[in-house]
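Undergrad: With the hints as a guide, dock the two chains, each given alone in a separate frame, to form the complex.
Those protein sequence lines, which keep their order, are chains A and B.
For the first sequence, the numbering used here begins at 1 and goes up steadily by one.
For the second sequence, the numbering used here begins at 112 and goes up steadily by one.
Be a bit skeptical, because a hint or two may be false.
What the hints assert, rightly or not - Computed cross-link-like contacts, DSS-like style, restricted to lysine-lysine with a CA-CA straight-line distance of at most 30 Å:
1. Lys175(B) with Lys2(A)
2. Lys175(B) with Lys79(A)
3. Lys166(B) with Lys153(B)
Hints in this document: simulated from the structure, not taken from any laboratory.
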Amino acid sequence: RKEVEQDPGPFNVPEGATVAFNCTYSNSASQSFFWYRQDCRKEPKLLMSVYSSGNEDGRFTAQLNRASQYISLLIRDSKLSDSATYLCVVKGDGNNRKLIWGLGTSLAVNP
Amino acid sequence: GAVVSQHPSRVICKSGTSVKIECRSLDFQATTMFWYRQFPKKSLMLMATSNEGSKATYEQGVEKDKFLINHASLTLSTLTVTSAHPEDSSFYICSAYPGTGNTDTQYFGPGTRLTVL
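Next comes chain B alone, as it looks inside the complex (with noise of 0.2 Å):
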C-alpha cells in the first residue's frame, strides 16, 4: 500500500523555538494531505487541510500563524510550530490523499511526538 513517512518521528524542544515537522508521501502524489493533533486519550483532532500550490484552511481555533503549514509539492507538507510552548506538546499525525483512485482512501504518517519543555 501507499506510504507516508514523518520526520522527525520524536522532538523535544525549548519553549520558544519553533519546530518544523515534515510529511512525505513516498509512493504517490498527494494533492491534499491533512494535519492532526491528538492529546493523550482524546481523540484525532483535525488542525488543518493543506492543498498543493494553495493556502492551507485552518479548522476553528487553530492559529494559523502559530501553525505554519506549507505544502510546496505534490509528495511534501510541512508543519512548523512557531514558539512552541509546553500545551503544543502532543502527538501530530499527517495523512495523504492520492491525486486519483479511491478518494475514500487516506494514509497515514506515523505521527511525530512533540515535547516542549
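For reference, chain A alone in the conformation it holds in the complex (with noise of 0.2 Å):
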C-alpha cells in the first residue's frame, strides 16, 4: 500500500460546480496534513493546512478524520484558476520533518 494514495483524476468540472477530493494514509502516527497546488511545470504552493477540526478558507474546506487516516479537500464555486493539480501531503511523526507526497489529483475547471 502506498504512504498517501490519492486518485489521479482528471476531473473535468463546469466553472461554479463543487468538487471533492480524497487522500488516504497508512502511517497512523502522522503527524501533520497538508493540501499542496502545483501548475504545470511549477513548483508546489502550500494551500492549506489540514486540522482534526477541520479548517475552512474561503472557498476550500479541509478535513481529516483521523480514525480512518483520510484527509478530504473540498472546492466550492469552482473558477478556472482553480485548474492545477492537488497534491495531498503528509509529514511524519515525531521530529522527522520529511513529507510524503501524493500523486496529485488533476483538476481541470472548465468554462
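TA: As C-alpha cells, then:
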C-alpha cells in the first residue's frame, strides 16, 4: 500500500461546480497534513494545512479523519484559475520533517 | 513570506557532463533543505535531506556519488548531478526549513528543469 494515495483524476468540472478530493495515508502516527497545489511545470505551493477540527479558507474546506486515516479537500464555486494538480501531503511522526507526497489529483475547470 | 531561489531555472547539457544546481534561502536561515525530483506526471520524490554542516541523508535508491549535495552555509545548498545521462532529465526542486518558527512550514524553490541530451 502506498504511503499516501489519491485518485489521480482528471476531474473535469464546469465553472461554479463543487468538487471534492480524497486522500488516504498509511502511517497512523503521522502528525501533520497538508494540501498543496501545483501548476504545470511549477513548484508546489501550500494551499492549506489540515486539522482534525476541519478548517476553511474561503472556497476551500479541508477535513481530517484520523480514525479512517483520510483527508479531504472541498472546493466550492470552482473558478477557471483552480485548474491545477492538488497534492495531498503527510508529514511523518516525531521530529521527522520529511514530507510524504501523494501522486496528486488533476483538476480542470471548464468555462 | 520566506523566499527560496534556485539557479539555474533551466539547463540543457550533454550526456556525461556535470550540472550544479543552487538552492538559496534569501531572507531566512535554513538549517534543513530537501532536494526533490519530479518526473512528468509523477509525484515529487524526495532525494535527500541536506543539513547545514553535516553530510546529507539520501533516500533509498538515490546514489550519493552521483547526486552530490553540499550544504555549506545556512542559506545555500547545492546539488551536483555528476556524469548526467538522459534518464536524469527531470524537474529538480529544493525546499528549505527555517531554523526557528513553525517547523511545519517548508518553503519551495521554483525548480530547475534539467534536460540531458
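Undergrad: Within a Cα-Cα threshold of 30 Å, do Lys175(B) and Lys79(A) meet the stated pairing?
TA: violated, 43 Å
Undergrad: Need the status of pair Lys166(B), Lys153(B): alpha-carbon distance at most 30 Å?
TA: holds, 28 Å
Undergrad: Hinted pair, alpha-carbon criterion (30 Å max): Lys175(B), Lys2(A). Please report holds or violated.
TA: holds, 25 Å
In summary, the one numbered hint that this structure violates is 2.
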